[in-house]
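Chemist: So the chains spell out like this:
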Amino acid sequence: MSLLQSLTTRDRVFDFMAPQASPVDVRHGPILYMEDVSVSFDGFKAINNLNLTIDDGELRCIIGPNGAGKTTMMDIITGKTRPNEGSVWFGSRHNLLQMNEPDIASLGIGRKFQKPTVFEALSVFENLELAMAADKRIFPTLTARMTGEIKDRIDEVLGTIGLIELRFQPAGILSHGQKQWLEIGMLLMQRPRLLLVDEPVAGMTEQEMERTAELLTGLAGKQSVVVVEHDMGFVRSIARKVTVLHQGSVLAEGSMDQVASDPSVVEVYLGADDEEAA
Amino acid sequence: MSLTTESSTNFWLTRPFSERSTQIFLSVLLAALALVTILHVAVPPDNPLHVGAYTVNLFGKYLSYALLAVAVDLVWGYLGILSLGHGAFFAIGGYAMGMYLMRQIGERGTYGHPVLPDFMVFLNWDSLPWYWLGFDMAWFAFAMVLIAPGLLALVFGFLAFRSRVTGVYLSIITQALTFALMLAFFRNEMGFGGNNGLTDFRELLGYNLRSNDTRLGLFIATGVALALGYILCRAIVTSKLGRVCVATRDAEARTRFIGYRVERFQLFVFVVSAMLAGLAGALYVPQVGIINPSEFSPIFSIEIVLWVALGGRATLYGAVIGAILVNYAKTIFTGVMPDAWLFALGAMFVLVTVFLPKGVAGLFRYLKRKTRDDHPPKEATA
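The listed protein sequences derive, respectively, from chains A and B. For the first sequence, this note's numbering begins at 1 and goes up steadily by one. For the second sequence, this note's numbering begins at 1 and goes up steadily by one.
Hints are computed from structural coordinates only; laboratory data are not their basis. Glycine is no exception: its CB is placed at the ideal position from the N, C-alpha and C atoms. A couple of the hints might just be wrong.
Calculated lysine to aspartate or glutamate pairs in the EDC-like style (CA-CA distance at most 20 Å, straight line) [unchecked claim]: (1) K112/A x E263/B; (2) K115/A x E263/B; (3) K136/A x D136/B; (4) K136/A x E252/B; (5) K358/B x E208/A; (6) K112/A x E208/A.
Footprint (simulated), chain B over chain A, 3 or more residues, beta carbon under 8 Å [stated by the list, open to error]: (7) 55-66; (8) 122-132.
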């Protein structure tokens with residue numbers, strides 16, 4: 001077993017091998033497995049006995065009122081926050097609690113933050129080029145060549161995020177929604193296995209929301225996608241399975257209709273949300 | 001010069017040659033060098049078109065300033081590091097050259113000492129300080145022209161960038177650096193000639209510095225150095241590394257987040273820039289015949305930044321235009337109305353900031369876009 005492990009971890013020596021021969025073991029189904037995770041800040045339990053399983057290729061929406069622990073959960077997965085107890089596994093081989101942030105990122109967990117940050121002076125194409133998984137030391141970067149292979153990869157992602165026509169435009173002129181897509185594209189350039197997307201449609205127009213829904217549902221299957229979102233209409237339009245968080249633990253899980261009809265969920269979240277909306 | 005084949009555009013050092021702006025810049029520079037040379041050599045002195053030795057020397061000085069401005073534009077325009085201390089690297093390169101030129105004087109000094117420069121004899125020193133050893137050899141001195149400023153930038157930059165000192169704080173520290181060096185070099189005990197600096201140079205590589213031919217040679221050498229420095233900087237900014245620099249300038253945390261060790265990139269570019277500034281200083285000193293601590297003065301470093309701002313940031317050729325324009329204006333003003341120069345410089349800066357926020361280079365770009373919009377080319381541009 002240890003021999004097998006030493007052979008398979010060679011992807012860390014050869015960066016380019018990582019995407020083709022991913023070491024993440026998903027034979028047992030789940031790509032992310034969180035069990036009995038708790039974390040408290042100064043006595044306040046932000047996460048309380050959280051159990052969550054994400055299957056490989058799944059698109060999962062996570063909803064919950066403010067303070068439910070959604071962002072803290074993402075921080076734990078990406079290694080930014082250490083839980084007090086519990087276990088977090090990526091596939092059935094990698095214990096994320098023993099890894100630091102850059103290692104987790106290079107393992108294939110990409111995270112998109114709420115506020116889009118793209119390099120405004122660079123073109124859309126160049127933004128994707130910089131984000132690509134590559135040797136990022138000084139001299140390899142200085143002498144880096146633009147090969148047909150890299151171009152194809154960038155064009156592929158440009159197609160996915162629907163910015164082909166704008167590829168030579170500076171990212172600064174993009175609309176808010178287009179910047180969000182570009183940022184998702186920058187994550188895709190790193191060929192992640194699991195995408196964590198925080199509030200992707202905040203501040204978007206209806207049309208932009210529709211396109212984002214298409215983009216995210218299109219990604220599922222190739223990647224696993226976890227979306228944290230407040231907008232119920234948007235969640236309804238993309239969700240196959242929804243998890244409701246409340247006070248740091250899972251309140252309900254299931255299809256949107258199942259969840260929406262759950263009385264406890266209606267009480268803590270949907271009811272309140274409808275009142276706000278009204 | 002149109003090397004637009006796939007292979008040449010892909011090798012980082014030759015990539016600039018396929019750029020239109022570089023082609024134009026190099027053509028103009030080479031034409032100017034050739035023109036001045038011809039007007040100096042082939043046109044008889046009584047002809048009004050003749051360019052005198054004094055003017056050739058003056059142009060050589062402008063070109064060394066232009067190289068210095070390119071070095072500043074590399075770190076300020078593309079990396080976003082506003083260095084208010086680049087004069088220090090320029091001066092150190094100049095001192096390295098000055099030390100070589102002092103050693104070349106040999107026994108012909110006022111005191112006739114075979115080894116010690118005049119000021120050391122005057123201070124009653126009986127042997128050379130250790131850091132003057134080796135400067136009698138040209139190769140060593142010329143290497144030091146690059147190594148000494150590069151080393152200072154390496155140590156300074158390592159400490160600053162590792163601690164993530166950026167923005168206005170870094171500007172202030174660079175300013176303090178050059179000010180501290182100025183005070184240190186003013187002291188006689190430092191062994192660099194104190195207040196008077198190094199002067200009375202005679203020969204460079206055996207050529208008499210006072211002859212017109214040597215002056216022409218230095219002018220051409222400075223022009224060639226400017227061309228090479230420009231190509232190097234252009235190669236850096238058109239590479240992927242250059243795009244990482246721009247990304248760092250605009251969103252440093254984000255660049256770090258996608259996996260680049262930002263502080264190493266900053267350090268690399270800062271050191272390259274300091275070495276180019278040192279080279280500019282080394283070419284400047286034999287042309288003006290003196291190097292003294294005033295080159296370390298903070299005011300000079302701020303002036304360099306003004307040249308770049310006037311010419312247009314983040315274009316490189318703008319820095320060249322700015323350096324030459326401002327210094328030409330300075331020559332004229334200090335000749336006609338010496339007291340008015342600082343007012344004129346201030347007025348130029350205000351006018352350019354108000355009417356040409358992107359500098360003279362920005363005006364070029366605007367005119368180019370305007371003519372293209374007025375007469376759109378046949379094939380639509382993507």
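Chemist: Confirm or reject each hint.
Modeler: The hints, checked one at a time:
Pair hint K112/A plus E263/B does not hold up; C-alpha atoms about 24 Å apart against a cutoff of 20 Å. Between K115/A and E263/B the alpha-carbon distance is near 24 Å, which puts this suggested pair outside the 20 Å criterion. For a cut-off of 20 Å, the pair hint linking K136/A to D136/B is broken: about 42 Å separates their Cα positions. Of the pairs offered as hints, the one joining K136/A and E252/B holds, with about 15 Å between alpha carbons and a cut-off of 20 Å not exceeded.
Note on K358/B and E208/A: the hinted pairing is violated, with a Cα-Cα distance of about 34 Å set against a maximum of 20 Å. Restraint check for K112/A and E208/A: satisfied, since their Cα atoms lie roughly 17 Å apart, inside the 20 Å limit. Taking a C-beta to C-beta cut-off of 8 Å, the region 55-66 of chain A contributes 0 residues in contact with chain B, too few for the three needed, and the coverage statement is violated. By the rule of at least three residues with a Cβ nearer than 8 Å to a Cβ of chain B, the coverage given for the region 122-132 of chain A holds, with 5 such residues.
When the structure is compared with the earlier hints, violations turn up for hints 1, 2, 3, 5, 7 and for no others.
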